[in-house]
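Residue numbers (this note's numbering), protein chains in the order written: chain W, 1 to 196; chain H, 1001 to 1405; chain Z, 2001 to 2124.
Rather than coming from a laboratory, the hints here were simulated on the basis of the structure. Hints may be right or wrong, so weigh each one.
[Said to hold, decoys possible] Taking lysine-lysine and the DSSO-like style, the derived pairs with C-alpha atoms no more than 30 Å apart in a straight line are:
#1 H/1210 x H/1138
#2 H/1085 x Z/2039
#3 H/1382 x Z/2060
#4 Z/2039 x H/1089
#5 H/1099 x Z/2039
#6 H/1099 x H/1089
#7 H/1382 x Z/2117
#8 Z/2060 x H/1099
#9 W/24 x W/84
#10 W/162 x W/145
#11 W/24 x Z/2060
#12 Z/2060 x Z/2117
#13 H/1325 x H/1138
#14 H/1066 x H/1089
#15 Z/2031 x H/1089
#16 H/1099 x W/84
#17 W/145 x H/1210
#18 H/1065 x H/1085
#19 W/24 x H/1099
#20 H/1085 x Z/2031
#21 H/1065 x H/1089
#22 H/1210 x H/1325
#23 H/1138 x W/145
#24 Z/2116 x Z/2060
#25 W/162 x H/1210
#26 H/1382 x Z/2116
#27 H/1085 x H/1099
#28 H/1099 x Z/2031
#29 H/1085 x H/1066
[Claimed, not checked] In silico negatives: residues of chain H with every beta carbon more than 12 Å from chain W:
#30 1018
#31 1024
#32 1030
#33 1045
#34 1052
#35 1059
#36 1062
#37 1128
#38 1244
#39 1317
#40 1359
For each residue, glycine too, the CB sits at the ideal point set by N, CA and C.
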Amino acid sequence: MSSPLFYIFAAITLLFGAMVIASKNPVTSALSLAVSFVGLAALFVSLDAYFIGTIQVLVYAGAVMVLFLFIIMLLDIKAAEKLKPNYAAVAAAVLLFVVLIMQVAAVLTGFEAGRKSTTDAQLRPQQALVAMGDKALPTIANDLKAGQLPDTKLMGLQLYHKYGFHLQMVGLLLLVGTVGVVVLSKKENSPKGGRE
Amino acid sequence: MDALFASIDLFFLAISAVKIVLLVFAVILPMVAYSVYAERRFSAIIQDRVGPNRTGIPLTLFGFKKDIQILGIGGLLQPMADGLKFILKEDFTPGHVNKFYYWLAPCLTMVPALLTCAVMPFGSELDLNWFGIAQPIKSVIADLNVGPLYMFAISSLGVYGIVLAGWSSNSKYPFLGGVRSSSQMISYEISLGLSIIPVLMIFGELNLSKMSAYQDANGWLLVPLWGDSAPWSNGWHFGRWLLWIPVCISFVIFTISMFAETNRTPFDLAECETELVAGYHTEYSSMKFALFFLGEYAAMIIGSGLAVTLFLGGWSIPFAPLLSKLTGLQFHFVPGATPLYTGLLHIATFFAKVFGCILFFIWVRWTLPRFRFDQLMALGWKVFFELALVNVILTAGILIWCPLK
Amino acid sequence: MLENYLPVLLQVLIAGGFAGATLLISVLLGKAAARNRVKDSAYECGMVPVGEGQSRFSVKFYIVAMLFVLFDIEVVFLYPWAVIFKDYVAIHGTAIFWSALCFVTVLFIAYAYAWKKGALDWKH
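Kindly produce the complete structure, drawing on both the sequences and the hints.
Structure below.
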């Protein structure tokens, strides 16, 4: 993983991530986050997760951040610029940061896969093909034979073959989300208009 | 990634650079310029006017009696004159705008529109053996396995340009136009995304090149008349033609959503002159305005390209296998063994189809009146969303009932 | 595979460069005229601009953006399903159909709820 492209995209992701909290203009913050997401998508792609990388751009940079931008426009942007730092919030953020670092460290040391570097996990289509045996769907097998990783198809297989129940839970979660949106935003004449 | 860097050959990168430069600067941008010209002439015909018919090689400047009109069609140099004028106009930034985002917004509209053409297979393969290149060159810049998703992802970034243009102009009409336009675009992105799902189910593939190759051999999705789709072939059965129904529904939803995505009439509410002056680019002038304009037309071309690739066979020549049999020449695509003339013909076919689509765009623009905003949102959310969802289930049912192959 | 994405990177650079270059050319070649207060003010059909340029807009736009995110995620879940559907049905049977139908039905309930509550209406 020591290629210049990795460092360039990691730097973009981190730099614009820092810009999100450093900039005073909320629109700049939102756009920096979008750029940071695009950098993250490039990192996903460099790990052979093409579908996830594309979806990262489609959903996060293309949908979620547009929503954020709408919210920023809905709020009064000039008032937001005058805000002074809230020291209690800063302290909580530092605390959260430390906890997060500890979690990441725990994951990296606690799991077998965490200690491996990504270069160990190189793609071996032939072996994957043999491992799947006769059960492989023809379309997946054909892609693997051509030396390509059919990541979208593999993901579909995992989602709908193995994790069907979890998928239904996601569906329910989206239902709850929709109900939440409608209930919270349909209060007539509410002064705030929506929720943050 | 180390392996990646070892495997990069400069030759591949150089070929890609040549393809990008040729496609963007020699095809897409001239096509944008000339579709503006075509729009003006075509609308003139529809409205019984003449349209721009005078711009030619300006010999009158040098004392000759007449300007030279190229090919005898008046005004073929009009796009050049327009471009020159855009460049030479005063580059004006009003005092009340947010300068940085005001400058960024046109670029954010233009760049995604140009980026989406990377996955567009504009031809099959070019056999350049004569020039000493052993491997045939694929006529696509980046042959990704997530083709349509990449296009949707990048074009969804185009919303930023419009939102930012409206917001940074700090003026009422652009702001309203920007908000309207962006919520229109995101509303139709859903039906656009849902409408291609039946197509993906039929192909079982997300790679646009493979889709085109399949349609070359087995008939276009909308015209299933040769290869396995032909009634007289061994592979034919009822299911193939039953699938034609969901494909048609998909095509209609896709095309109309594409009109809405590209902010074209009858959905150009973001810039309807009677209400919003010019919408989000009211405060823009000179080259910055031109970039919005280019971005919009480029998005239209790319959208037509996607429609052609998914539903109308991409670069494939109609009845190619039959034509090959009849004439003895090779009109269909064979991986690794496609002659140069076929490769070039495929490229020409693709752009001819795209041009046909653009003429359709123009025709619709000058025929239909504009929607009202609530009608537009109701159409997207209440009609197309349901219809596309039902269409997906219908396709699934047909595929289970009479499986392909 | 991964090297297929390098041309995309190259195209980002070329497209960005093109946009930047055209703006630069226009700055260099375009004639600048004198500024004045009226020219600098926002366009309001020839009237003197009243009030702020960025008014708050209706909460409906915001609801649409929120619903868009939710249903966009649904569509994204259907893409991997669509590409394996044909082959999966041929080998493992129709389980994949019922699974997706259930998922879509739940979301259809969400959609019907939003419609019933008027979140998709624009007139009021």
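Need the list of violated hint numbers for this structure, in ascending order. none
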